[in-house]
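Undergrad: Take these sequences, add in the hints, and give me the full structure.
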Amino acid sequence: MFGVSGIPLATKSIGVTNMNIVRYQRFPQSDLNQAFDRLASLQDEMDRVFDFSLAPFVRTPGSLGRWTPAVDVYQDKEQFTLLAELPGMSKDQIEISLHNDTVTMSGERKRETKGEQGNHAERYFGRFQRSITLPAAVQADKVTAAYENGILRVVLPKAEEAKPKQISLG
Amino acid sequence: MNIVQQQQQNENKVAPRPEEHHKSYLTPVVDVQSTQDGFVLQAEMPGVDKSGLEITVDNSELVITGHRRPLEKVGEPSYREIRWNDFRRVYELDPSIDAEAISAKMENGVLTITLPKAESVKPRKITVQ
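One line per chain: the protein sequences are A and B, in this order. Taking my numbering, I'd label the letters of the first sequence as residues 15 to 184. Taking my numbering, I'd label the letters of the second sequence as residues 1076 to 1204.
These are computed hints drawn from the structure, not numbers from a lab. Worth double-checking, as some hints may not be accurate.
Claimed, not checked - Estimated spans, in silico, between C-beta atoms of each pair:
hint: 1; chain 1: A; residue 1: ASN133; chain 2: B; residue 2: GLU1175; range: 43 to 51 Å
hint: 2; chain 1: B; residue 1: SER1126; chain 2: A; residue 2: LYS124; range: 25 to 33 Å
hint: 3; chain 1: A; residue 1: ASN133; chain 2: B; residue 2: ARG1144; range: 30 to 38 Å
hint: 4; chain 1: A; residue 1: ALA84; chain 2: B; residue 2: LYS1148; range: 47 to 55 Å
Said to hold, decoys possible - Going by beta-carbon spacing under 7 Å, a handful of chain A positions derived as facing chain B:
hint: 5; residue: ALA84
hint: 6; residue: VAL87
hint: 7; residue: ALA135
In this text, a Cβ means the ideal position worked out from N, Cα and C, and glycines have one as well.
TA: If you want it as structure tokens, here you go:
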């Protein structure tokens, strides 16, 4: 099981230790996180069912302006692949750091338009930060990252001792 | 000032292609800004590149569809938050918009559509004789 609260996850065991991921929250500084999360998924539901979008109404004021990108983690025998949705950024606005088995992505998305009054604004701007603890050791010096079409991809090769081993019967 | 009126995901109006009938679309997050010359619409569609975009204007209906590139081999999912559905959003264009002059560009997963007003509806200064 993962060390993630609130989200039902497959109980399929992955790797050696628990995986800790900071839960996906659109409004990480708010005490109303759960309510907002639910509202956000309700919004998608409503969009499908009805003829309008709730998005303009669930937008929070600037003080809660931090946003959290959605993240996927994949793994095979050799490596972990971490994908994050970060549309509308440039490479130099994204920072990635690795501390032990914890990858931290952070950065700031800047509004690129010339400050004209938006009459319909749903996008989030400002700083974001996301930390993911991987369930096994990685080779820090072999981590690579690429940013394409608004998706950040971080590839973290597993440390030799973390790779599955075939044990032959003598 | 709701010039670009929105018509959300109306499946009856936008007939899905048969092979994607079962698919549900994600609604991209959009900002619409009003400028002197018209409107600028920006839609977040991470994972969509230029070749995956379909933008059509038909009977003053603007349909934006973004097909995401299939994931390259990344292994087994360990944790998932990203919904990998394609994007779609439908807008009804204000009559003041010159449909012929609409332009679009895709950069880093953000689609920018420029919707200029027709010359005839732009404010003019009239000199008093």
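Undergrad: None of the hints should be skipped; say for each whether it holds.
TA: Hint by hint, here is what the structure shows:
no., hint, verdict
1, A:ASN133 <-> B:GLU1175: 43 to 51 Å, "24 Å, violated"
2, B:SER1126 <-> A:LYS124: 25 to 33 Å, "27 Å, holds"
3, A:ASN133 <-> B:ARG1144: 30 to 38 Å, "32 Å, holds"
4, A:ALA84 <-> B:LYS1148: 47 to 55 Å, "21 Å, violated"
5, ALA84, "4 Å, holds"
6, VAL87, "4 Å, holds"
7, ALA135, "5 Å, holds"
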